[in-house]
Amino acid sequence: MSFHYKKPFKLKSKIGNNKFSFDKRELYKEIGISSLKESSEIHINESNTVAFAEMDNDKEVGFKGIDPFIVKTHKNKKIYVFDNHNHAFFFIYKEIFENQIPFGLDMIHIDQHKDTRTPDVDFSEVKNWQADIRDFFYEINYLSKEDKDYELTLLDAAFYYTNAVLNVGNFIKPLQKESLIESLFIVDSTYSLDNIEKQAVHSKGYILDIDLDFFSEDMEYIDRKRKIEVINNLAKKAALITICTSPFFIDFEKAKQALEELVLFADL
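Just add 10 to the spot in the sequence shown (first one is 1) and you have the numbering used here.
In short, the hints are calculated from the structure, not lab data.
Some clues are possibly wrong.
What the hints assert, rightly or not - DSS-like mimics (lysine-lysine), calculated; alpha carbons at most 25 Å apart, straight line: (1) K266 - K17; (2) K137 - K29; (3) K17 - K34.
Please put together the full structure from these sequences, using the hints given.
Here it is as structure tokens:
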């Protein structure tokens, strides 16, 4: 497995997803990030640690993520499953960086939310933050002081950017700005769901990015069978599939059930 996500770690300071209402929170001052494991099956387990914390109607709430994150390889195609959506940036960057998929594929983003906010800092700038990146790796115990000669890579920068800068709502703009993806198709309604298969036919290739909150109570106005049918069809020609469980936006059991209803894994 990759050096990155080799073991779980925690965000303890006001960075990444831990920035949300950080100064107002008292119960959950840190959030956990799981390790990534290879698996021949897509079966998720709820983690023991809070992966997302926020203030909801002046009440502090914490939501567990999944443990471990999963990557399944089938016929040279990968499916990544994780909790918070910002992790998609790293996994997409990694697949391109390692020449597993080409630059400039389209992205089909199936989600309750658009996730197109602009981050505070561009990745092009963060690439040069050598000291900050190294300090982050020390903080999460990925490097020790004995590793002072370790030369940081662009993948290290992407890992830092994903976890220390990005959050669940702003990972798509950097993918576009870095030319990692070309056209973006957002599926967040009945209309867009009904039209996406026609649009996909004309794509030169695409990443299928799924947020399981598309199956949340707020999205029940869209026919569930239709959702599953379209996603399964799109998966057959996807170059890469990324799936997040969105602990803040959908209950774990509901996300797990939706994932189990999808049969895209067998059809790739």
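The hints, checked one at a time:
1. Distance hint between K266 and K17 is fulfilled; the C-alpha atoms sit about 23 Å from each other, no more than 25 Å.
2. Of the supplied pair hints, the one linking K137 and K29 holds, its CA atoms being roughly 21 Å apart against a limit of 25 Å.
3. A hinted pair counts as satisfied when its Cα atoms are at most 25 Å apart, and K17 with K34 does not qualify at roughly 29 Å.
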